[in-house]
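Colleague: Residues per chain, in single letters:
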Amino acid sequence: MSDTSHRDTSSTSQRDISTATPAKAARSPDAARRRFLLAFGAGAAGAASASALAAAPAVIADPAQPQPASQGYRETEHVRRYYATTRL
Amino acid sequence: MSAVATVTLTHPLSPEDRGRCEFYALLGRLYSDGPDARLLKAIASAARMEDGTPLASAWNRLIDASSAMDAEAGAQEYTDLFIGVGKCEINLHGSHWVSGFMMEKPLVDLRTDLCALGLARRDDVVMLEDHLSALCETMRLLIAGQDERKPASIATQRAFFERHIASWVFLCCTAIRESAIANYYACVAELTAQYLAIDRDALAMD
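Protein chains in written order, with the numbering used here: chain C, 54 to 141; chain U, 18 to 223.
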């Protein structure tokens, strides 16, 4: 477990998060959670392998398009692709 | 599904949340498709964890497995395990584990909750929202936020995790580990179980 790599990053981002997160009421559970995660290395592997990891193909996202007023049928890309597969 | 993009963080995150994001990103990627050569190489060359915890052992075993694995065998194993016509060896969808059937009420509940969180499946995607890969990605999004979206509160993360992941994922991981045809993914499942147990306990702290 590379403790040094935690501190490298924490100096910049840990400060930011304390001002950035709206959940400031629960300070001590957060500290306990932080110690717990770091003790078990859940932070360590991330820090150690930061460059190595790749994201999943994006499956879930903020709906990019505005929802149409009707909740009924929409011709989405998915639907278009389905119909494409049914063409003879 | 072969697209691989590096995670970019748009909101400042604490080191442990960054670690959580990266675990979820990695697990989401590994359950979405077999590992390609680039991913195997990246994992194989990642730093080992030397603190002797079960998570560290699982991580180190995955590093070893990744250096021994090639992409073709990885893709074959993924297909054999998780993809099948009619019935696959291991089903990665939450609804299957919770209700016994695909696309049952658990998926409806999940879609309702995603909608309340302002999230939805992309139009160009066929993977269901209750697929383990999609759930990992949702957790990553909740932790890290994205663009205008702020990181979700711990309470929100905990509610989502407990409602849609915790009840079945450990059974699923055990099934993968015990499957006769799992080799590389036995290591992935072990890491998943170890990591998610820690995240569950960390989220439960209040």
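None of these hints come from the bench; they were simulated from the model.
Because the structure is a prediction, the values reported are computed rather than measured.
Using N, Cα and C, we set each Cβ at its ideal position, and we do this for glycine too.
Certain hints may be false.
To be verified - Simulated coverage check for chain U against chain C, where a stretch passes if three residues somewhere in it have a Cβ under 8 angstroms from a Cβ of chain C:
1) 34-45
2) 108-122
3) 191-201
4) 205-217
Unchecked claim - What follows is a list of derived Cβ distance ranges for each label pair:
5) Phe89(C) <-> Ser62(U): 24 to 30 angstroms
6) Cys105(U) <-> Ala92(C): 33 to 39 angstroms
7) Thr191(U) <-> Ser81(C): 30 to 36 angstroms
8) Arg133(C) <-> Asp218(U): 42 to 48 angstroms
9) Asp164(U) <-> Ser81(C): 28 to 34 angstroms
10) Ser196(U) <-> Glu130(C): 40 to 46 angstroms
Colleague: Does each hint fit the structure? Answer for all of them.
Modeller: Results for each hint:
{"no.": "1", "hint": "34-45", "result": "holds (count 10)"}
{"no.": "2", "hint": "108-122", "result": "violated (count 0)"}
{"no.": "3", "hint": "191-201", "result": "violated (count 0)"}
{"no.": "4", "hint": "205-217", "result": "holds (count 3)"}
{"no.": "5", "hint": "Phe89(C) <-> Ser62(U): 24 to 30 angstroms", "result": "holds, 28 angstroms"}
{"no.": "6", "hint": "Cys105(U) <-> Ala92(C): 33 to 39 angstroms", "result": "holds, 37 angstroms"}
{"no.": "7", "hint": "Thr191(U) <-> Ser81(C): 30 to 36 angstroms", "result": "holds, 34 angstroms"}
{"no.": "8", "hint": "Arg133(C) <-> Asp218(U): 42 to 48 angstroms", "result": "holds, 44 angstroms"}
{"no.": "9", "hint": "Asp164(U) <-> Ser81(C): 28 to 34 angstroms", "result": "holds, 31 angstroms"}
{"no.": "10", "hint": "Ser196(U) <-> Glu130(C): 40 to 46 angstroms", "result": "violated, 34 angstroms"}
Violated hints, in rising order: 2, 3, 10; the structure is consistent with all others.
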